[in-house]
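Using the supplied hints, reconstruct the complex from the two chains, each of which is provided in its own coordinate frame.
Chains A and B, in that order, are what the protein sequence lines are. When we follow the working numbering, the leftmost residue of the first sequence carries the number 1, and every step to the right adds one. When we follow the working numbering, the leftmost residue of the second sequence carries the number 1001, and every step to the right adds one.
Calculated from the structure, these hints are not laboratory results. A quick note: this is a predicted structure, and the numbers were derived from the prediction, not measured. Possibly wrong hints are sitting among the right ones.
What the hints assert, rightly or not - For lysine to aspartate or glutamate, the following DMTMM-like pairs were computed, each having C-alpha atoms within a straight-line distance of at most 20 Å:
no., chain 1, residue 1, chain 2, residue 2
1, B, K1289, B, E1259
2, A, K287, B, E1138
3, A, K79, A, E493
4, A, K287, B, E1144
5, B, K1075, A, E402
6, B, K1149, A, E105
7, B, K1075, A, D546
8, B, K1150, A, D266
9, B, K1295, B, E1249
10, B, K1150, A, E104
11, A, K65, A, E213
12, B, K1159, B, D1146
13, A, K287, B, D1146
14, A, K189, A, E104
15, B, K1097, A, E402
16, B, K1149, A, D266
17, B, K1080, A, D546
18, B, K1159, A, D266
19, B, K1159, A, E105
20, A, K189, A, E272
21, A, K287, B, D1128
22, B, K1289, B, E1260
23, B, K1029, B, D1042
24, B, K1150, A, E272
25, B, K1149, A, E272
26, B, K1150, A, E391
27, B, K1097, B, E1131
28, B, K1159, A, E389
29, B, K1159, A, E103
30, B, K1159, A, E391
31, B, K1149, A, E104
32, A, K287, B, E1191
33, B, K1150, A, E105
34, A, K287, B, E1141
35, A, K287, B, E1131
36, B, K1075, A, E389
37, B, K1159, A, D110
38, B, K1272, B, E1249
39, B, K1159, A, E104
Residues per chain, in single letters:
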Amino acid sequence: MLRNIFLKTVRDYLRQILIWGGGLGLLMVFYGASYTSIFGTGLGRAKAIEDYRKTVEAFTILTGKVYDIDTFGGFVNNKIGSVMPIFLGIWVLLAGSAIIRGEEERGSLDLLLSTPHSRVSVLLQKWAGVVMALLMMSVLSCVGLLLGAAAAKADLSVGDAVLAHLNWALVALVFGAMALLFSQLTTRKAAAGWAGGLMAATYLLNNLVLNVESLQWTKYVYPFYYASLSQPLARSVGTNWVGITVLVVIIIPLVGLALWMYRQRDLNGFFELFKTNKPLVSSTFHKLPRPQSLWLSNNFTFGLRASLTGVLIWGLSISAYTLLIMSVFNDIKGSMTDLLNSSGDFKSALGFLDLTSNENLLSVFIFVFVVLLAAAYAVVQVASWTAEENEGRLEMMLSTPEPRSRLLLTYFGVAVVSSALMIGLVGAIFALSTWVFNIPVNGANAVAAFFGLWVVCVVIEAVGYVLAAFGPGWAVGVTAGLVILSYLTDLLEKVLKLPQALVNLSVFRQYGRPLSEGLQWTAQLAMIALSVVFIVIAILRFRQRDITK
Amino acid sequence: MMNTAMQNSGQLRATQNQNNSSFAIQTEKLNKSYGRNRGVIDLDLSVYEGEVFGFLGPNGAGKTTTIRMLLNLIKPTGGKATLLGLDSQRDNVEIHKHIGYLPGEFSLYPGLTGAQTLAYFANLRGVDGKENWKYVQEMAERLELDMTKKFRQYSRGNKQKVGIILALMHRPRLLILDEPTSGLDPLNQQEFYKLVKEIQQSGSSVFFSSHIMSEVEKICDRVGIIREGRLVKIGGIAELTDLKSHQLELTFAGPVPLEEFRQLPGVDHLEKVQVNSHETLRCIVKADKLDQVVKLAAKYPLVNFVSREPSLEESFLDYYRDESKAN
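Next comes chain B alone, as it looks inside the complex (with noise of 0.2 Å):
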């Protein structure tokens, strides 16, 4: 319930900085090559201040690319990228004093152990004060972090902890994650939308990348997809499920002639079952295309009809199949 309600504010506030125009991080036409390959090919992005952001894209499309160009990490081959207002490139000291990250894939220094590592980040960041060592403690709780132990002992999911801890502590008015839950069990996974969601709540923005849709759907406002280095999706949550198809079972008194089914448009997979005398059609529809179809099965004797929402995660998948398939 106190999920959902946060979860509301947070998107009101980024509805509001919609309406305002103010941006936690804008691209334009950000470019990165590297000689005949095309990492990121003219991205044009906008993230609003007090949103959540997610940032998909299969392995290899150019996430991680992204990311590395807004934190100064790597330096675009054209473009431009704003983060909170500032330069990513000339004020790059300037905006990482406001900004979380973590890597994708990083590594720490394997004879500190987790409480240092994290209080010499902490002085790095001029991070002091006890309360803000309370927050670490109570996130280090919340995750179940050992803290007493060094860097080279703690497992995949512990050290991606440690990441977690290390982009949050100083509670950054701007969050950038790359795969942030990789490595962590289901539990934590979801101490981790907490967190998330509650620093949305306090103001922050929060970008993340992610191949898992079911993250992606349960904690993001808006998303962009990215394939091959090029943004070819970018909206809320609800209006990417609407773009996507509906996957239909369809059960018939008797025999339905196939063809015509097919020759609707936005009709894909289609499949006939015979069960004794009955024939189920299966199918997947553009949810645009839904009509029609439920037109045509009506002039049958339908006995069953059961139409399931896809996750995005199957958007997803059919939405890059669909693209592969026109290519």
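Same shape as in the complex, but just chain A (with noise of 0.2 Å):
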């Protein structure tokens, strides 16, 4: 796995490569398991299939047009298929914008280039690495679905599957391929992110289209809708091969282009669109005067400042996504009217709202997701901390006269105080929208709802701090871990039969949907006190333990 550089990238990827294209095939089994218990095989299967199929026609915009759902592919394509390009393209888009940023960021890439090998080499094998990568990932997955298809005893081709996931796989590779393309333009974690947001985004406003006329001519600018085309889970759509041709024809280009910013720009440098002729050095560079501004002042306003960017990418993205369903609500509200008066049996079928009412609406469309990007964030506060340990600056931190304690509470306040303001951002532009779309909520329930956000943020952040006061190296991908699974558990309670206590145990169940219902105060508080033992365990631990860089 050695000899050449496509491989050694595959090799670096093997463990990831188990773990979510393992994590990808364990779903596909369980969601393929469960088909015949949701559905049944006696007299009410055609009941409730019927219900399903209204229950998740309201949930377009969240999973796209749904198709064939009486049949097991239908079914699988609807549960997980949906989603399946953004689990793989939150991989790739990861995995591009670190191929050749990521290398040079750690310095290794001189190196590598030192040896003989064009940097079109190098870009593409690592290139080729990612993609086998994401194949593999997706045979993993393939062998979960069609192991799930023989526990339901469903009629599934092993072509059907294979098209599918190559389909999935596709559309993940044109976000990656633009990760590729922005890392030559700016860092890393820029790069991702700007992926991401792009991918969160024509995600989102593809299946929006679906019900907004209006808007119907933005499709074609969506990877995402070339992928829709082609449904090979769902027979009475199967695949369009001009849709999967689109999708290569869009990744070679971007890849390309990609390649000539590379060739062009130097090392360590970014592709300049406009080049400026600045002089090399300046003839006082060694007399400046001392830099003055208030965020240096400190470590908390200086953690502060550096969070400022993330705070308006992060509050102004979710805001975008809050304005595009505020701005097309009333249209979603004539049509679940429409579709409540339709049937009797649909509103038990959702069996906890009154989808007429605003705060139940706003829920669904908009808070089901905001708690899961607020718990990312927090998530993304965590690796700022243990970064500075990774990357090696803690150790001049701790340098200076500043108690440990001190630095861990400081770096903690900055992430507990960034939430809040991305929260409040998020919340000040919805109660804006609120007024300017007119569409009248409950305000004190609007303020507890963005209030059990930042709640959700600051346990998440007291467990990622005490994890990293236990181990900066895997602190990040542990608290993620747990994220995920209480979001699992909270979504899959039902199904899997847990145990409520476990089931409490998740953030997203405490959170509840405080909109419509309020705010649970008693699980708020109590997860503020354990963020706070958590955090005195955190302080205790890193006070005793060696700083590892």
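Dropping the structure here:
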């Protein structure tokens, strides 16, 4: 596996292939096996399918158009296939942003390029390694799907399963190629951020235009549109080779452009769209006055300033989605009212919600996602803390007269305040949009909903900090894993028949649906108290342990 | 001339402090083990106030582990260390007010310019005033550091310069440097040596690790050698040099019996080269055994005698070689 750059790249991804691919495979097995239990086999099957179809059709903005829901393939396609490009896309865009820029930031690309390999060869071999890794993940997921079909005794052809995975992998690769391209212009993190933002935005927009006639013309610019043309698991749609070809055609120029920029630019530099002729060395370069900026005055202001870009990007991105929903809210509400009037059973199928209420609708279309995004933001804050140590800055910081406990508390304070700022920004824009679009909501519940988001962030950050106090190298991965587990526990409670005590541990369960049902204040206070305990443990451990770098 | 005077002044102060037993660093049975592996073993070390102490050893000998224990970045598994009379663990925050530290490998904020980085750390250290910034500017000028560039744009050497200025900017009482000249070009290395001597002259102590013997010889008052986690030698530069060997080249007009020289204690790497009718013997001789070799050589028709005083580096390598043989 160390014979060439391609094999080495694949080797580097082996663990991730097993974790991501294996995880997706297990998810496929689980969803496949749940097919029979959800619809049953007896007399009530037709009615169960009809109710289920109506329910999922109400959520096309989240999952895309629904096809052949009465078949195993159509069920899996709707249940998990709709988000498979996102699952694969997250991995591939992180990989795409790192294959060149990541090596540069680590300082290992210089050495790699000192071997007799051209830049073209290095980039293409690494990109081929990413594609191969993605294919291997898809194979694992595909095996899981086939096992799930076997468990459900359903009829699913291997060819359809393979084509479905090919389609998902290709649309994911589009965003990987974008990340690779962006990484020629900016840092690894920013490239991944921009590609991720584009992926999330185009995914939602592509689903949104299904219901909004006036925006239909925009669908041709969304890669997800071309992926949605093929639904190999839904036989009534099948595989659209034009859509698949377009995805391949999009990937090639993106990688080509990235390659061209990479050949033009300096190593450790960025490709400049507009070259500027700055003098190499200023004549007074060492006579600079001392910078007096307020944000340089202490760790807290410094950390807060550093987090502001993230606050704005996350806050505005989430707000953009919120505004989008608010702008078409009355259309969505109208279709929901029609749906409710058409079937008395629909409401009971939904189980909990009266979807003609503004609060309930906004809970489903906005807060279900925003809470997940807020959790992701909290994980990013944990990553910022561990990066201080993992990237070798903490040692220098700890040589200043700053007690470890205060340093940890300061960084935690930055995380907590920046989360509040990000959520506050989203909340302010949300409040403004309810006024602009004339969508009245319960003000107290709205405030509680945003406060609850902040509590979710705080508790996740506290868990992350306590884990980082034991192992900064693995803390972020474990924290992210716990967040996903927590989300799945809340989501799959009924299907998996999980014990209530376990479900109650989920931070998402404790968040609940505050916009419609109000916030469970006892639970929030308990989570804040728990966060304090976690931070005390984190401090005690951090004070005692060795700094790794 | 000025440098020599400064050096003498620093050494004088260090000698006075030795007499007064005023320690900048003192360790007692300091230990660090990583599972079965021992990083540092029973380290007893004293560094006097006002002296420049060189901490020598090859890669993996335990230099960085020792330094990181002194800084309380890693915790000793046994023993204790005091810096400036304060406990390295209990009083670490107070200690950090008075020390400057340059890690062997470090990273800073890629998006900050050199000036912003230095200003930020000055704030964290509570260093105010124009005078201090003047000192920063002066060091930047002497080391030729462009402070307008972002940290990510700096070469390795320039990053090292930022680190050096960060360590020196608040004129610490104790300077702890881990391989400080790594990445610096020879001119900047010389400038760095001057900075170290100046800070010593102002009364500060310097503890620095290195495996570059020439710089240790140039600026250190005393040296400690660490090997496989144990302090194997400690003493003044001259003292260490005396312990070392001489490289001899003896040319005789006729044949000489090689075995007689080989049997002498303290003689190593003996070889004979025949050039026309002359025979040349080359060998490395322990300093305290030199007279025996000279006396034996005098019995034969000696036509040329060359003795070269080895550098600390060569002696150090010999020392390691001999120790390895013994083990």
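Quick rundown of the hints versus the structure:
Under the criterion of a C-alpha separation no larger than 20 Å, the hint pairing K1289/B with E1259/B is consistent with the structure, at around 17 Å. Under the criterion of a C-alpha separation no larger than 20 Å, the hint pairing K287/A with E1138/B is consistent with the structure, at around 8 Å. At roughly 16 Å between alpha-carbon atoms, K79/A and E493/A fall within 20 Å of each other, so this suggested pair holds. With a C-alpha separation of about 11 Å, the suggested pairing of K287/A with E1144/B holds against the 20 Å cut-off.
For the proposed pair K1075/B and E402/A, the alpha carbon gap of about 17 Å is at most 20 Å, so the pair holds. For the suggested pair K1149/B and E105/A, the alpha carbons sit about 17 Å apart, so the restraint of at most 20 Å is met. Restraint check for K1075/B and D546/A: satisfied, since their Cα atoms lie roughly 6 Å apart, inside the 20 Å limit. As the CA atoms of K1150/B and D266/A are separated by approximately 16 Å, the hinted pair is consistent with the 20 Å bound.
Of the pairs offered as hints, the one joining K1295/B and E1249/B holds, with about 15 Å between alpha carbons and a cut-off of 20 Å not exceeded. Simply put, K1150/B and E104/A have alpha-carbon atoms about 16 Å apart, close enough for the 20 Å limit, and the pair holds. Restraint check: the Cα-Cα separation between K65/A and E213/A comes to about 15 Å, which is no more than 20 Å; the hinted pair holds. Distance hint between K1159/B and D1146/B is fulfilled; the C-alpha atoms sit about 11 Å from each other, no more than 20 Å.
For a cut-off of 20 Å, the pair hint linking K287/A to D1146/B stands: about 9 Å separates their Cα positions. Restraint check for K189/A and E104/A: the C-alpha separation of about 13 Å stays at or below 20 Å, so the hint holds. Using a Cα cut-off of 20 Å, the hinted pair K1097/B and E402/A holds, with the two alpha carbons roughly 9 Å apart. Pair hint K1149/B plus D266/A holds up; C-alpha atoms about 16 Å apart against a cutoff of 20 Å.
Between K1080/B and D546/A the alpha-carbon distance is near 16 Å, which keeps this suggested pair within the 20 Å criterion. Under the criterion of a C-alpha separation no larger than 20 Å, the hint pairing K1159/B with D266/A is consistent with the structure, at around 19 Å. For a cut-off of 20 Å, the pair hint linking K1159/B to E105/A stands: about 15 Å separates their Cα positions. In summary, the hint linking K189/A to E272/A is supported, as the alpha carbons are separated by about 18 Å, within the 20 Å threshold.
About 17 Å separates the Cα atoms of K287/A and D1128/B, which keeps this hinted pair within 20 Å; it holds. Straight-line distance between C-alpha atoms of K1289/B and E1260/B comes to about 14 Å, which keeps the hinted pair within the 20 Å bound. Using a Cα cut-off of 20 Å, the hinted pair K1029/B and D1042/B holds, with the two alpha carbons roughly 4 Å apart. Only pairs whose Cα atoms come within 20 Å are accepted, and K1150/B paired with E272/A is accepted, the gap being roughly 17 Å.
Under the criterion of a C-alpha separation no larger than 20 Å, the hint pairing K1149/B with E272/A is consistent with the structure, at around 17 Å. A threshold of 20 Å between alpha carbons decides the hint, and for K1150/B with E391/A the separation of about 17 Å falls inside it, so the pair holds. For the given pair, K1097/B sits about 18 Å from E1131/B by alpha-carbon distance, which is consistent with the 20 Å threshold. In summary, the hint linking K1159/B to E389/A is supported, as the alpha carbons are separated by about 18 Å, within the 20 Å threshold.
Between K1159/B and E103/A the CA atoms are separated by roughly 19 Å; this keeps the pair inside 20 Å, and the hint holds. Distance check on the hinted pair: K1159/B and E391/A sit about 15 Å apart at the alpha-carbon level, within 20 Å; holds. For the given pair, K1149/B sits about 18 Å from E104/A by alpha-carbon distance, which is consistent with the 20 Å threshold. Between K287/A and E1191/B the CA atoms are separated by roughly 18 Å; this keeps the pair inside 20 Å, and the hint holds.
Proximity of K1150/B to E105/A is assessed by CA-CA distance (about 14 Å); at most 20 Å being required, the pair is judged to hold. Restraint check: the Cα-Cα separation between K287/A and E1141/B comes to about 8 Å, which is no more than 20 Å; the hinted pair holds. This hinted pair checks out: K287/A and E1131/B have alpha carbons roughly 13 Å apart, not beyond 20 Å. As the CA atoms of K1075/B and E389/A are separated by approximately 16 Å, the hinted pair is consistent with the 20 Å bound.
Taking the CA atoms of K1159/B and D110/A, the gap is near 17 Å; set against the 20 Å cutoff, the hint holds. With a C-alpha separation of about 10 Å, the suggested pair K1272/B and E1249/B falls inside the 20 Å cut-off, and the hint holds. Note on K1159/B and E104/A: the hinted pairing holds, with a Cα-Cα distance of about 16 Å set against a maximum of 20 Å.
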